[in-house]
Amino acid sequence: MKFPAVAIFVPLLLLVEFSNAFQTAPLSRRCAHKRSSQKPTISSSWAQTPVKRSMKHSRLSLFPFMSTSSTLRKTSGVLKVPFFAMKRAIIAMALGVVAFFRHNILWPGTSPDKAYPDVPLPKGSNGCPLLGINYFSGTDSYGTGALMSKLFRRLGRPNLFRFYSFGMPIVSVAGIGDIQEALKSEFRKDGVGTLEFVNNFPNFSHIFGDKSVLYENDREKHAFLRRLVGGAMSSANLVQSVPAIERVASQQIDKIILAAKANSTVTMEKICNDFTLDVAWRQILGLDLKGQDEIEEFYENTRLWLSGLFNPIFMMPFRIPFLKGTKASRAREFLTLVIEAKVEDLKTNGPDDSTLSKMFFSRDEDGATTLTHQELVDNGLILILAGSETSSSTLVNCMLLLGLHKDVLYKLQEEQRAYILKHGSALSKEALDEDCPYLDGFIRETMRLRPISGMELRQTQKTLVVDGQQIPKKNYIYSNIRATHDQDPSVRVDTTDRHMDLMNGLKPERWMNPATTPREWIPFGFGARRCLGERLAMTEMKVFLATLVRNIAEFDLVGVERADDVKWKKMSLLPVPVDGVVIRPTAAM
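For what it's worth, our numbering labels the leading residue of the sequence shown as 58, then goes sequentially.
By construction, these hints were calculated from the structure, which means they are not laboratory data.
Please note: incorrect hints may appear among the correct ones.
[To be verified] Taking lysine-lysine pairs in the DSS-like style, the calculated list, with each CA pair at most 27 Å apart, reads: (1) Lys531 x Lys246; (2) Lys207 x Lys479; (3) Lys278 x Lys415; (4) Lys519 x Lys312; (5) Lys241 x Lys468; (6) Lys278 x Lys519; (7) Lys468 x Lys479; (8) Lys468 x Lys318.
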């Protein structure tokens with residue numbers, strides 16, 4: 058076992074400190090011996106008078122800022138070390154202990170498991186003591202996760218690297234093989250489990266709930282939730298939803314057409330947000346919102362609720378007293394009341410075509426077990442997150458890439474013309490999946506280049522060994538999606554980053570040939586917790602883009618001529634441009 062230099066040097070300094078503090082003891086004993094035959098008589102003035110030592114008794118302190126006073130006091134006929142000299146020596150010892158055990162004290166949980174002496178920790182950096190780094194932290198030139206990306210590159214792009222964040226020791230794992238190895242013991246008592254927000258982050262749990270399929274650690278309960286919630290999102294159910302999604306898409310595309318006729322600009326982030334939120338309240342929740350005021354109220358509360366994802370207050374390990382007064386909490390309460398009102402309507406009027414209705418009336422394999430009230434609410438909210446925020450951001454990035462690559466836009470338009478000749482103008486899920494491979498490849502390529510940074514954290518219940526490196530017990534596993542895409546050997550052809558560059562890396566046609574299809578693509582997660590909203594997200598994005606390219610001849614990006622001109626949001630679920638992608642469209646003839 059190798060000891061750091063400070064672990065050897067500090068104890069030596071402590072020996073000097075104690076030697077300095079107690080070097081007057083021999084003098085005290087001599088004084089006591091010489092006066093042993095005399096009754097000690099001590100004047101109060103003498104006892105309070107400092108006695109300076111000669112140079113031979115002066116000491117050299119290696120901790121000058123904690124130097125003990127060179128004074129002695131006579132008590133009961135002997136000279137003793139002053140109390141403050143002892144106190145400062147103890148402080149020096151405490152500093153030595155902190156230096157020796159600095160990892161366990163300043164970054165708890167970052168020390169290696171001694172039961173695996175021959176298995177090293179991954180390379181990494183701990184950052185600020187007790188707090189670590191903010192792994193969401195971004196820059197306007199890169200977007201969210203810039204600090205993580207910088208660390209990843211500085212360490213030589215390893216599949217595993219460690220860091221410390223919000224008081225948690227975390228190991229980033231990239232590559233499908235290593236992620237699969239790290240998560241293979243999921244749901245076992247001695248394996249890995251998703252982060253328990255109730256116990257670790259009660260504020261976050263209050264805002265986003267803990268009864269959704271996303272945070273369930275019991276294997277049987279998790280399987281039950283996936284059956285009932287996932288069943289409501291099945292392909293068969295989505296087939297029925299496409300006409301409604303197409304109507305919502307057409308309403309938003311009409312706004313772009315109006316801007317084209319007026320020769321004005323439009324911000325695509327607003328269009329895409331409204332589209333996915335319309336799908337959320339119409340299709341996922343099945344609400345009957347009356348008028349634009351109610352719709353805008355739903356939009357605003359959803360936005361405020363989602364803003365809690367990046368509020369550091371909610372990552373505090375204790376419940377904050379003003380939690381219910383926060384905007385995110387009040388927005389959560391609003392959305393909860395909306396869902397509860399819809400559930401009461403379903404009880405009274407029976408089922409409809411909404412996803413929430415299918416969840417409410419679902420029965421498990423025994424024909425009796427249903428979702429509890431809280432499971433309905435929490436999973437309904439998670440579906441809003443999955444079906445709106447990530448889909449909207451991906452569509453915004455799609456518009457950016459289409460503005461940078463006009464040739465891709467023209468190919469999508471050509472594919473839609475062929476679709477109309479074969480199937481007519483009405484969109485269907487089966488036809489989009491079967492006869493629009495370039496559209497499918499373009500969306501997948503956009504998600505490869507600008508995916509969500511990573512999956513939800515899992516905590517280890519025992520030390521794991523992955524790729525010859527240890528992930529200690531009670532550490533958290535961060536499945537790094539962006540690093541996985543970066544390191545995919547099927548697309549990384551050289552040592553540059555061309556394959557992840559917005560100008561050089563976009564190649565939708567790579568998805569149309571099995572020989573060139575990326576092998577490590579996980580924007581929807583991986584394993585048992587793969588996103589249940591994947592089918593809905595892909596369907597609504599295909600419907601929106603198909604409708605768009607049929608009605609818009611072309612468009613120009615405003616303020617952006619090349620990828621280097623783009624400024625990115627520093628904090629977001631996935632990287633999106635700050636300006637929301639402003640375009641000047643030209644309507645189709």
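Now the hints, each set against the structure:
Our distance criterion of 27 Å between C-alpha atoms is met by Lys531 and Lys246, whose separation comes to about 13 Å. Only pairs whose Cα atoms come within 27 Å are accepted, and Lys207 paired with Lys479 is rejected, the gap being roughly 48 Å. Between Lys278 and Lys415 the alpha-carbon distance is near 19 Å, which keeps this suggested pair within the 27 Å criterion. For the hint linking Lys519 to Lys312, the alpha-carbon distance of about 55 Å lies beyond 27 Å, and the restraint is violated.
Among the hinted pairs, Lys241 with Lys468 is inconsistent with the structure: their alpha-carbon atoms are about 41 Å apart, more than 27 Å. Restraint check for Lys278 and Lys519: satisfied, since their Cα atoms lie roughly 22 Å apart, inside the 27 Å limit. A threshold of 27 Å between alpha carbons decides the hint, and for Lys468 with Lys479 the separation of about 17 Å falls inside it, so the pair holds. Restraint check: the Cα-Cα separation between Lys468 and Lys318 comes to about 24 Å, which is no more than 27 Å; the hinted pair holds.
The earlier numbered hints that this structure contradicts are 2, 4 and 5.
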